[in-house]
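Protein chains: 2
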Amino acid sequence: MSHLDAVLAHIDADRDNAVARLFDLLRIESISTDPAYKDACRAAADWLVDDLASIGFEASRRDTPGHPMVVGHGGAEDGKALLFYGHYDVQPVDPLDLWDSAPFDPRIDETPDGPVIRARGASDDKGQLMTFIEACRAWKAVTGSLPARVSILFEGEEESGSPSLVPFLTDNADELKADIALVCDTGMWDKDTPAISTMLRGMVGEELTITGPSKDLHSGMFGGPARNPIRVLTRILADMHDETGRVTLPGFYDGVPDLSDEIKAQWDSLDFDADAFLGAVGLSVPAGEEGYSALEQIWARPTFEVNGIWGGYTGAGFKTVLPSEASAKVTFRLVGDQDPNAIQAAFKSYVESALPADCSVAWKSKDCSPATTMPVDAPEFALARDALSDEWPNPAVFVGSGGSIPIVGHFRRILGMDSVLIGFGLDDDQIHSPNEKYSLTSFTKGIRSWARVLDALSRA
Amino acid sequence: MSHLDAVLAHIDADRDNAVARLFDLLRIESISTDPAYKDACRAAADWLVDDLASIGFEASRRDTPGHPMVVGHGGAEDGKALLFYGHYDVQPVDPLDLWDSAPFDPRIDETPDGPVIRARGASDDKGQLMTFIEACRAWKAVTGSLPARVSILFEGEEESGSPSLVPFLTDNADELKADIALVCDTGMWDKDTPAISTMLRGMVGEELTITGPSKDLHSGMFGGPARNPIRVLTRILADMHDETGRVTLPGFYDGVPDLSDEIKAQWDSLDFDADAFLGAVGLSVPAGEEGYSALEQIWARPTFEVNGIWGGYTGAGFKTVLPSEASAKVTFRLVGDQDPNAIQAAFKSYVESALPADCSVAWKSKDCSPATTMPVDAPEFALARDALSDEWPNPAVFVGSGGSIPIVGHFRRILGMDSVLIGFGLDDDQIHSPNEKYSLTSFTKGIRSWARVLDALSRA
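Residue numbers (full-length UniProt numbering), protein chains in the order written: chain A, 1 to 460; chain B, 1 to 460.
So that you can see chain A by itself, here it is in the shape it has in the complex:
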């Protein structure tokens, strides 16, 4: 029996314990975006430090001005150096009344697609990061070591703009630098087909508040001559798209590449079922730019979205108020060589030039990040793909991703290394939504997958 076979057997035998450990982590309410959960974020970090130490990692909690980082080092004395990244913070749980069970009371639910782990963070990203820890645990248990030099970085601010990340990477570059990074925050192509994400959209995020009158007014007394900031805001946001779904911001499409015929052919071969993808969430028609397939709209086209809007009276009944303020949270998803800073500046300039008399705007910016394209010809990508193909029913594929994983750009810029993005989430995991889940198969075969990938990369 090879080392790897013994490790895989150990993983299978230890499954229930692995699930129990994940449940412990899922019970910690580590919502990073809401300051009320600061202590919970720290508790999650401490839990991870203790768990890493229990399997022989030299692990520590590293405090930051925000939520702490967790860093661990372990494994072989020499050989390939890997840095694994995940995040222990989770999204808020509102609207809470749409959850069928308590978001921080994890449970196994039987579903038509098999058993799932149900909890906030089950898929994004606690379940995913634990697949890697469990793979390491098994390697250590069976062989006493790891097949490569492994460092681990867990962040607690991924869902809240990662304000501490760049300073931390910069200050600890020598400690964290490796040959390649492994990032587990993405998904499978489908339940039988593992995927390595090689194109990621970037992001620009802004919160804007438009102020008109100096106080809330009565629409009977002032309706007509008083400027209504909700009206101003809806006009500004509505004008961000033309009737074909294109974003109207000047210069927005600078740096957006046309898809090569080769990539188009590869994506066509995936037989993406847009009807099923949209149908699962109650939709039937791709609503993005005209002339692009749903898959292209997600992976290869940039977007502008309003993620939240609020102003005036929003309680029960009616209140004929003309509010003083109206606000929105918006994000752009970027592709190719779009420049996040230029787009942020263009958006602010557009909004400011669109303000009528007596209105002003205030801004809160989210960290922005460019899109990323991986060098898929590097050997690590083929080795990882083959290792995944050994584990799952179908061979692994290289795919795009509509999401933004800013860490990948930071690793390249600050630590000079590329990232192999492997994850076991499924499209219906409902991350960021009520009833988030992680397939039990994703978890168990995810652990086995990392055991294989560690073995494979030791030969890179």
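Derived from the structure by calculation, the hints contain no laboratory data.
No copy is singled out in the list; a pair is fine if it fits within one copy or between any two copies.
Once the Cα atoms are required to be at most 30 Å apart in a straight line, the calculated BS3-like pairs of lysine-lysine come out as: (1) K38 <-> K177; (2) K177 <-> K140; (3) K215 <-> K364; (4) K38 <-> K215; (5) K191 <-> K215; (6) K177 <-> K80; (7) K364 <-> K348; (8) K364 <-> K38.
Got chain A; can you put chain B on it based on the hints?
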């Protein structure tokens, strides 16, 4: 000394007691729009019943499916029959943190413009309705009776669409019918010039919720092909006005009259200071339809306003959600012969026809009411105007009003009587806003004004 002079002297001597009684009423948190305050609304009704009974009215609380009515009868055995109307319910107090003192802990604040009564409801409408009760109290104390037959109707749902009002008026028409109604829910022209409002805008109110995806989605996974209902809503609302500020709804201006030269001349003579009116709330430019003065925009032109909007993530930080729903509360203010039902239907039709694929809309309607124009040639109007002119530094004026007082239309339609709209609010009373106040002068001279008006109308 005439009866009236003795009554006025009694009012002056009793001022502190009158303020104390108003404070008792202001302490009751009778927010009608929020079900949590149901008991408080009933307590306010009971307080009024007791107070009316204490001055010899045959008074009772009349329960309804919503908040109760208060009805009282008193005064002369024959002569002119008057029905006084006011409302004891108040607006919600949010945003609470913008109040300088507790909204339900009334106090006298000294201001550069003199002392004011500070509390939610001080002006709208508890302070106003108490001016009439105190005038009756003084007449009773001095003469043992009232100079006319007086009935009183207090409502507790004025700020929440008055759902029980029409059924109650219909069921009790014989009891409530009078020669003319007196309504105290309007304002002075300025602090020295009393006003009788003879034109009122009507109202249509709708809450709409647009649904796109069946659940909240992650904008990384779905951004592009997924329909964002906030985007749909902002487009629909933005398209309700053209670039000149006109409402674009088909047929919206049917029944909107041009102002007669006579009314224009009368309004011009008022020397309305638009700069001061807007400047007091941080504005400088009338934002309504081009080609109309600010006063015309308030009194003579219809409007469409968004009073509240919400959707997606509105908490601290960012959440890259594509929400399932987005909602808005909107109101139209109507003038002339605009048909509220036709406008409601046109708005619903417009929204439904503007929905893209995969979206639906749900509605909650507020009671609608047409605009009203009073028969100012009837003798009661001249008598009331002269009585007010006797009390205040400047003669009383007939004015328009941007607000909607649906009761006036109901009184005409159900009880066959017109209304004399007299009130002592000032433009800066901040009704419906934090720090609502009522000038102490409005209160004390308001009481004296009603004492005079009662006397005058007994001669109609």
